[in-house]
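Following the hints, position chain E against chain A.
Given next are the chains, with one letter for each unit.
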Amino acid sequence: MQPNIIFVLLDGARNDRLDSSKDFSALKKEGTLLDNVTTALPYTIGAINAIFSGLYGKDNGVDAYYKMFRLKDSVKILSEIFHENNYFTACDLLSNKIITKRGFDIHQFHDEYVDNLCVRHPDFIRKCIKESKGKPLFLFLYFSGIHTVTVSDVLKKYNWNDANFYEKKEKNLSKYDEVFNTAGIYAKIIKDTLNEIGISKKTILIFFSDHGTGVGERFGERNYGSFTYEETIRSFYLFIGNNITKNQHTSKLRESIDLFPTILDLAGIKNNYDGPGKTIAPYLLGKEKLKEKNYTFSETGALHGPYPSPKEPNVFCVKTPKYKLMYLKTPDKWMLYDLEADPNEINNLIDENIPIKQKLKERLLKWIQR
Amino acid sequence: MKQNIFFITLDSCRSDKFYGKNKTSVTPNIDELIKKGVYFEQTISSADSTLLAITSLFTGKYPFKTGIRSERFNKLKEGVSTFFKILHNNGYHHYAYNPTVTKTIGLMPDFENEDSNYDYHFDLSDGLGKKIIEKLKSKLNEPWCFYIHANDLHFPIKVSEKFSDNRFGDSNFEKQLSAIDSWIGKIYDNINLKNTLFIITGDHGIFIPSVTTENEIINFEVDAEKQQLISKINKKTPSFLQPLKTKIFIKKEKKEKDSKIKKILKMDLKPHQKRELLWQRSDLDKVLFDSNVKVPLLIVGNQIKENVIVSQQVRQVDIFPTILDIIGIKNTEEVDGQSLVPLINGGDLEELPAYMESTPSLEKMANEVIGLSTSKYKYFRDRITPKKRVHLFDLQNDPYEDHNIANENPKIIEEMENLLSTIRNEKTIKVDEYSEEETKAIEEELKKLGYD
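Quick mapping for you: the protein sequence lines, in order, are chains A and E.
For the first sequence, the working numbering assigns the number 513 to the last residue and increments by one with no breaks.
For the second sequence, the working numbering assigns the number 445 to the last residue and increments by one with no breaks.
Bear in mind the hints are in silico, worked out from the structure with no lab data behind them.
Take the hints with a grain of salt, since some may be wrong.
To be verified - Subject to a maximum C-alpha distance of 27 Å in a straight line, what follows is the list of computed DSS-like cross-link-like pairs (lysine-lysine): (1) A/Lys502 <-> E/Lys70; (2) E/Lys250 <-> E/Lys267; (3) E/Lys229 <-> E/Lys245; (4) A/Lys215 <-> E/Lys70; (5) E/Lys229 <-> A/Lys502; (6) A/Lys472 <-> E/Lys238; (7) E/Lys70 <-> A/Lys219; (8) A/Lys240 <-> E/Lys440; (9) A/Lys300 <-> E/Lys250; (10) E/Lys70 <-> A/Lys300.
Claimed, not checked - Short, incomplete list of chain E residues facing chain A, as computed with Cβ under 8 Å: (11) Met260; (12) Tyr427; (13) Ile435; (14) Leu439; (15) Gly443.
What the hints assert, rightly or not - To give an idea of the chain A side of the interface with chain E (calculated C-beta under 8 Å), a few residues: (16) Met211; (17) Phe212; (18) Ser238; (19) Ser295; (20) Lys454; (21) Lys502.
Where a beta carbon is used, it is the ideal one built from N, C-alpha and C, also for glycine.
With the rest of the complex left out, here is chain A (with noise of 0.2 Å):
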């Protein structure tokens, strides 16, 4: 019997404010958390193209904002994958064009300043079991309500060198825990719900985020998508299921490009996907021991910022679980950092004579010129 695999979005979900929510701490025992999945893109459109591709950005197509339109034909997605092995396969999402219909049977979306989700997902669930006539479901839902306030509504109120923003950091990171609160609150429901209608025990279901959301850490970052440092970068998994492992933590780093392989074999589906991610189901069943990648990507191009670049990536990042290298084409500028020592990535090191340094930047070099 192949298992439901639900998956949800916390759109601009904070790797380090997750104990923020007693809801979602609660829930973390109920499975494995990885904390330190690097995301290929720190925004929504580029990290979701990724995910449901097993392939960084350039490799799908999407690798800017602008290239929103441009999957590659090529490319087979989650979505189609589980459609073509018998599932039934629906999303909600903040917009109809975070991804591709392809391979969807339900593909529509949701209002984030109208609809509420705590109450439209469990009902978009039931709906979703009345209509797939046995198949199982694959369900990916999106949790917009952290977007709606420290995106769309710190937009409205700062341009991206509004100082008035960067020096409330304090009050911006309480406002995020409340949103987050509710993040928390919306996902005990759905976990609630699939207790309810009695299929959480053939259920896989996961929590994640797709990239964090900076309160105000650095100029220039007012949310997300201007840099890859950490605080945008670094998501998070929760998985929970019957098999799954409960009550696991883990910092080893991944990348979120595993998922796709992941997710594959947990629903026990034969692929011949051969891109850049490694499966982690046997860590998640508790199989193997987690195996830590030693180099993780990410790349982005801001809308805005001091670096806008909406139509190409121009700001990369190479990480190892010690070290973050950084390079922004534009100003043509490095920058590293010792994450173990510095995990704010407050201290530039590119000057300072560190052996790996020449190796990262090789590393990353040929990952960009791929």
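Leaving out everything else, chain E in the frame of chain A:
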């Protein structure tokens, strides 16, 4: 018995300095060889630097199909066959003298001579020429393919002392070409053309910072000895001083460029002369002018017609299929090139557009370009964004590529983009990278998401 092959690639050799009215070098041997064979005067390289160019040359494929972008990062893709492999499978023995840099990428075969690799600055006059001749005089297992990659013209050029007089050329480049010519003569004397195919080509071109006007020679070529000394010191610099070294280098390069600009400010120079003079190896804005990509191609042999000059444009990727065709080996590999034998025999052959690309920089992100050359037009633009750094030249009316006519010729650019897309097998992208309709849809969507 199959013919032997003597193949020499002259690094950085430009076609206009090898043959024709623009050369000032003294090359009696090359001139003689041209009379004995077929010379292609419009041969377009696939890239502006060695690695991509020779990979393309010896696979018959455009660089982006080979898996190679830089020697530090890549190896030849699995399944991509090479000229050497095909010859080996047909009983050929491989000998070579080529720089060590090409060893790591998986392009070269195991050569039968143990001394096949040499360090970069080992010119024909430094002993390479003598080694080649000794090897030719020794008993090589036949049929053989003897490949030479000569770096004599590679930056920085160290002119052979015997040829340093101005009568051997206006620039160091041309003087050194005169020196190369003398060695080609000596090598040629040791080759039996009855059973050997003799090929000379270049991997790519280069800007020559020396311009001859009616009144004077303006020369900004670097002092090779000084340059090599700096390189040696650089290599010995501890790695922790690297950032400082880079800063000093950038500052120095900028200072040099500013000084050159100041010097030529009041001179009445054409755009092509200015860009030759101002070129520096640190330039990050890559270009694909004829100076960068037009190379010589000379084929001499027993079955090759004599004294034929082919003016039709041909491509570097055509060289490999042509040689196999001449020596009677059927090529079953899928390649981008075509055999030029019909042209060698005086017949017709469809002229195909030549695809070209610039080489990425290892230390910094260069503004790379891709483009096409036809007998009518030269087109190149930013590798990633089609509308950036667009260059279009009417080669028939503007052979020195002085006037960029891109703005006035959107239709030609559209045609070129379509051709590029076809060659790169991409979904056709309109010249306007994002159509009005798509832009509107994107912007509406971004607005909906709160990104006004």
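For each hint, the structure was consulted:
1. A/Lys502 <-> E/Lys70: holds, 22 Å
2. E/Lys250 <-> E/Lys267: With Cα atoms ~12 Å apart, lysine 250 of chain E and lysine 267 of chain E stay inside 27 Å; holds.
3. E/Lys229 <-> E/Lys245: Status holds; Cα separation ~19 Å.
4. A/Lys215 <-> E/Lys70: holds, 22 Å
5. E/Lys229 <-> A/Lys502: Cα-Cα ~19 Å, so holds.
6. A/Lys472 <-> E/Lys238: Holds, because 20 Å separates the two Cα atoms, which is no more than 27 Å.
7. E/Lys70 <-> A/Lys219: holds, 24 Å
8. A/Lys240 <-> E/Lys440: Holds. Lysine 240 of chain A to lysine 440 of chain E sits at ~12 Å (cutoff 27 Å).
9. A/Lys300 <-> E/Lys250: It is violated: about 46 Å lies between the C-alpha atoms, which goes past 27 Å.
10. E/Lys70 <-> A/Lys300: Cα-Cα ~52 Å, so violated.
11. Met260: Since chain A brings no Cβ nearer than about 31 Å to methionine 260 of chain E, farther than 8 Å, the hint is violated.
12. Tyr427: holds, 6 Å
13. Ile435: holds, 5 Å
14. Leu439: Check passed: Cβ of leucine 439 of chain E comes within 7 Å of chain A, closer than 8 Å.
15. Gly443: holds, 3 Å
16. Met211: holds, 6 Å
17. Phe212: holds, 6 Å
18. Ser238: holds, 5 Å
19. Ser295: Status holds, d = 3 Å.
20. Lys454: Holds, because the Cβ-Cβ distance from lysine 454 of chain A to chain E comes to roughly 6 Å (cut-off 8 Å).
21. Lys502: violated, 11 Å
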